[in-house]
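Enquirer: Here are the chains, one letter per residue:
Number of protein chains: 2
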Amino acid sequence: MRAEIIAVGTELLLGQIANTNAQFLSQKLAEIGVGVYFHTVVGDNTERLLQVIRLASGRSDLVIFTGGLGPTQDDLTKETLAGHVGIGLETNPEAMERIEKFFLQRGIVMTENNRKQALVLSGSHVFSNDFGMAPGMAIRHDSSTFVLLPGPPSELYPMVENYVMPYLNDLLPEKQVFHSHVLRFYGIGESALEEKLLDLIEKQDNPTIAPYAKEFEVTLRITARAATVEEGEALILPVEKEILSRVGQYMYGMGENSSLHDVLVSELKKRNETIACAESCTGGAIASLITSVPGSSQVFRGGVVCYTNEVKNQLLEVPDSILQTDGAVSEKTAQLLAEHVREKLGATYGISVTGVAGPDPSEGKPVGLVYVGIAAEGMPTVVKELRLAGRRHAIVGRAAKYALFYALQMQKER
Amino acid sequence: MRAEIIAVGTELLLGQIANTNAQFLSQKLAEIGVGVYFHTVVGDNTERLLQVIRLASGRSDLVIFTGGLGPTQDDLTKETLAGHVGIGLETNPEAMERIEKFFLQRGIVMTENNRKQALVLSGSHVFSNDFGMAPGMAIRHDSSTFVLLPGPPSELYPMVENYVMPYLNDLLPEKQVFHSHVLRFYGIGESALEEKLLDLIEKQDNPTIAPYAKEFEVTLRITARAATVEEGEALILPVEKEILSRVGQYMYGMGENSSLHDVLVSELKKRNETIACAESCTGGAIASLITSVPGSSQVFRGGVVCYTNEVKNQLLEVPDSILQTDGAVSEKTAQLLAEHVREKLGATYGISVTGVAGPDPSEGKPVGLVYVGIAAEGMPTVVKELRLAGRRHAIVGRAAKYALFYALQMQKER
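Same order as they appear, the protein sequences are chains X and C. The opening position of the first sequence corresponds to residue 185 in my numbering, with each subsequent residue numbered one higher. The opening position of the second sequence corresponds to residue 185 in my numbering, with each subsequent residue numbered one higher.
No lab work stands behind these hints: they were computed from the structure. Keep in mind that a hint or two might mislead.
Since the list can't tell identical chains apart, any single copy or any two copies may satisfy a pair.
Said to hold, decoys possible - Derived pair list, reagent style DSBU-like, types lysine-lysine, alpha-carbon separation capped at 35 Å:
id, residue 1, residue 2
1, Lys596, Lys528
2, Lys516, Lys398
3, Lys454, Lys285
4, Lys387, Lys398
5, Lys596, Lys453
6, Lys568, Lys300
7, Lys380, Lys596
8, Lys398, Lys300
9, Lys528, Lys549
10, Lys285, Lys398
11, Lys300, Lys380
12, Lys398, Lys425
13, Lys300, Lys387
14, Lys596, Lys425
15, Lys549, Lys453
16, Lys568, Lys387
17, Lys285, Lys549
18, Lys516, Lys453
19, Lys425, Lys454
20, Lys549, Lys454
21, Lys528, Lys568
22, Lys568, Lys453
23, Lys300, Lys425
24, Lys380, Lys285
25, Lys516, Lys528
26, Lys398, Lys212
27, Lys285, Lys528
28, Lys528, Lys453
29, Lys380, Lys454
For reference, chain X alone in the conformation it holds in the complex (with noise of 0.2 Å):
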């Protein structure tokens, strides 16, 4: 199946938003092994948009769009695709029963204009909004099928995910399943990552391996497409034994929605234990990524972001004698941030960082270096030296992620 995505959209053309609706769409074609060959952005004007629409009729299968569903006059998806098969718009009972609530639930008067927004085309597949007014709709003419969607990734994301997605699913000439398994990296970079899997990735079909990096981790999606999970699911786990083998050790976990705070925090909670920490070129960041977590105050008892050394002495008792000699980045501040932290909040683990995230050196040390502490209720610290590259935002996010990482590799051995 060939498929193309339209966006309708004049703020796209004049660049105040990226065109992500098409980047995550293209992911979740990609995911059930439909081809994607086109992106296009066009602006709201009828005859440009026609013109795309008689393009994209003629080369692709399917045609998504995305965008223009809503009430006022710039809004015109739907009313040009319906010119363009001959196909009238009549008024969908629920989405307009829909509109008609969410007004009345905020007592505002509910303008003509948005009655426009329960049109769908006569004879279409109706997906609900279940975030928003406009409904989605698919229809099939001629041998292409085409689907109308809403604009606003809120609205968007969870129709494909819930209902768009099966849809598609059912049009698939072969009734198959696509069953992943997403791996979850830190430590090891995407480059290093693919080049020890390299063979793996370049022999792949059945299933597939792909590596993304995102927000300094690396994730690994196994895809296999297959009759029923079961089989999908024997597919997989020979290719994901071998994976393991060789970078097993960088593994810290398993989901889409697994990034190292939430399998930290979740972590914790399983073991009913807590963490503090004590960040000083992380600058809050750590502390940032846990309490992002929803319920992460049942196990996060606090932090201190000593970006001083006067706060590193009268905060967490660092001896100025150490933060004289050693220095304020050195493997002895990091114990004692990371023992102080842990003893003063009363919690489990206490990890600390400290280090120099640029963009000048620091006490004569280079940028980049930096010295995570992890201390745990009856077990010797830990220190670990890094040295990062990169700018000042890329080594503080990389240093929290690698004290969070430490934090559950002492977890392991506790």
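Starting from the structure of chain X, add chain C where the hints point.
Expert: Below, chain C without anything else, positioned relative to chain X:
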């Protein structure tokens, strides 16, 4: 002038990356008044790329390509365009020299395929690549101008800023400059700002007025086209004056790279003042924003992430009686946190945030209720109560920015 942007790369069609290059180029073209009518993404495939080139040549005066200039077999933008326009490729000596030097400096043997990167269309205008190997180029053919640029943003952005924009400016029929003022606002939403300026925005022509929302802040760009910068400035000033008479109280700074934390750090430096923070619900977000500014160690003393009552009590001496009667999320707690963190860390200003980020209420207080405290040396402490909407991430982000905004306001009064 009618322009369109063509991004070449299968990784875009697989959803591995978003087409942020098209967004960037669209913004740059909008700044000089060039209208962008289409974005297209096509894979690394000669036949489909040729199809896209033919279509673009027929409908646009300016066609900008990104990607496909690299050393591998997959990179075929210039080869395919050369075929279309009937012009050969030749080695650009400066580019070749740069490539050879690149390998020499790193002590790596250059593989033969790297020579391909120095090839340019014969007779084209060459843009040197200061941050990579493949040069960009522009060539006029029939009535169209084709511009070919590298895909990696780290190479593309500086090439566009330094070489491509001046080249395009020269192409414009009338010699004119585009001169902008960027105003930064906080404490007002994008739609509320737009509403207050609606009549100005609707009748805008020269200068244009464009509001953008970004990372919980709102930016307004006023852009004039004129023969000289002075004339542009003269067009902008009366409009800016009118805007500030309506929403001036929300403006905190000017310029593209002046987020609230940038302005706050730079003002603190100027005045030789320091700051410290006590964060409960923002969980380190304020410290992270401040320390993201290079050189912030001059003004940032440090912070305490007081996620639990024990930490509020032990490290920042909020009496248990207050935590029991008023609660952790209260005006009084915010006040004491701000005052005590300022005193303990010896800073000019102490800022505190305590609130309910959600997803669940806390102490019977609703999600979104947030108190921000600002203590300053020699001034009475101010506490602001906020009712923020949105999900956890948005509440944290906006509460952190409000705290910075109030700190800037307090600084003005001091």
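Enquirer: Each hint: holds or not?
Expert: Now the hints, each set against the structure:
Taking CA atoms no more than 35 Å apart as the test, Lys596 paired with Lys528 passes inside one copy only; the shortest distance there is 24 Å, against 37 Å between copies. Proximity of Lys516 to Lys398 under the C-alpha cut-off of 35 Å is restricted to the intra-copy arrangement: shortest distance 32 Å within a copy versus 41 Å between copies. When the C-alpha separation of Lys454 and Lys285 is checked against a cutoff of 35 Å, the pair qualifies neither within a copy, at 41 Å, nor between copies, at 54 Å. With identical chains, the CA atoms of Lys387 and Lys398 are at most 35 Å apart within one copy only, with a shortest distance of 24 Å there and 43 Å across copies.
In this assembly of identical chains, Lys596 and Lys453 lie within 35 Å of each other by CA distance solely inside one copy; the values are 14 Å within and 45 Å between copies. In the homo-oligomer, the alpha carbons of Lys568 and Lys300 never lie at most 35 Å apart, since the shortest distance is 61 Å inside one protomer and 42 Å across protomers. Taking the closest pair of Cα atoms, Lys380 and Lys596 come within 35 Å of each other only inside a single copy of the chain (25 Å); across copies the shortest separation is 57 Å, beyond that limit. Taking the shortest Cα distances, Lys398 and Lys300 sit within 35 Å of each other only across copies (30 Å), while inside one copy they are farther apart (39 Å).
Proximity of Lys528 to Lys549 under the C-alpha cut-off of 35 Å is found in both arrangements, the shortest distances being 29 Å within a copy and 29 Å between copies. In this assembly of identical chains, the alpha carbons of Lys285 and Lys398 lie at most 35 Å apart only when taken from different copies (31 Å versus 39 Å within one copy). For a Cα distance limit of 35 Å, the shortest separation of Lys300 from Lys380 across copies, 27 Å, qualifies, whereas the shortest one inside one copy, 55 Å, does not. In this homomeric assembly, Lys398 and Lys425 come within 35 Å of each other (Cα to Cα) only inside a single copy, at 23 Å, whereas the closest approach across copies is 43 Å.
In this assembly of identical chains, Lys300 and Lys387 lie within 35 Å of each other by CA distance solely across copies; the values are 27 Å between and 51 Å within a copy. Proximity of Lys596 to Lys425 under the C-alpha cut-off of 35 Å is restricted to the intra-copy arrangement: shortest distance 21 Å within a copy versus 62 Å between copies. In this assembly of identical chains, the alpha carbons of Lys549 and Lys453 lie at most 35 Å apart only when taken from different copies (24 Å versus 38 Å within one copy). Taking the shortest alpha-carbon separations for Lys568 and Lys387, neither the intra-copy value of 37 Å nor the inter-copy value of 61 Å comes in at or below 35 Å.
Taking the shortest Cα distances, Lys285 and Lys549 sit within 35 Å of each other only across copies (28 Å), while inside one copy they are farther apart (63 Å). Taking the shortest Cα distances, Lys516 and Lys453 sit within 35 Å of each other both inside one copy (30 Å) and across copies (31 Å). Only within a single protomer do Lys425 and Lys454 lie at most 35 Å apart by alpha-carbon distance; the minimum there is 26 Å, versus 58 Å between protomers. Proximity of Lys549 to Lys454 under the C-alpha cut-off of 35 Å is restricted to the inter-copy arrangement: shortest distance 27 Å between copies versus 40 Å within a copy.
Taking the shortest Cα distances, Lys528 and Lys568 sit within 35 Å of each other both inside one copy (22 Å) and across copies (30 Å). In the homo-oligomer, the alpha carbons of Lys568 and Lys453 lie at most 35 Å apart both inside one protomer (25 Å) and across protomers (34 Å), since each shortest distance falls under that limit. For the identical chains of this complex, Lys300 and Lys425 are neighbours neither inside a copy (54 Å) nor across copies (39 Å), given an alpha-carbon limit of 35 Å. For a Cα distance limit of 35 Å, the shortest separation of Lys380 from Lys285 across copies, 29 Å, qualifies, whereas the shortest one inside one copy, 56 Å, does not.
Proximity of Lys516 and Lys528 under a CA criterion of 35 Å is satisfied in both settings, with 18 Å inside one chain copy and 24 Å between copies. In this assembly of identical chains, the alpha carbons of Lys398 and Lys212 lie at most 35 Å apart whether taken from the same copy (17 Å) or from different copies (27 Å). Within a single copy, Lys285 and Lys528 get their C-alpha atoms no closer than 53 Å, and across copies no closer than 53 Å, so neither meets the 35 Å cut-off. Within a single copy, Lys528 and Lys453 get their C-alpha atoms as close as 21 Å, and across copies as close as 32 Å, so both meet the 35 Å cut-off.
Proximity of Lys380 to Lys454 under the C-alpha cut-off of 35 Å is restricted to the intra-copy arrangement: shortest distance 33 Å within a copy versus 51 Å between copies.
Figure legend: structure checked against the earlier numbered hints; hints not met, in rising order: 3, 6, 16, 23, 27.
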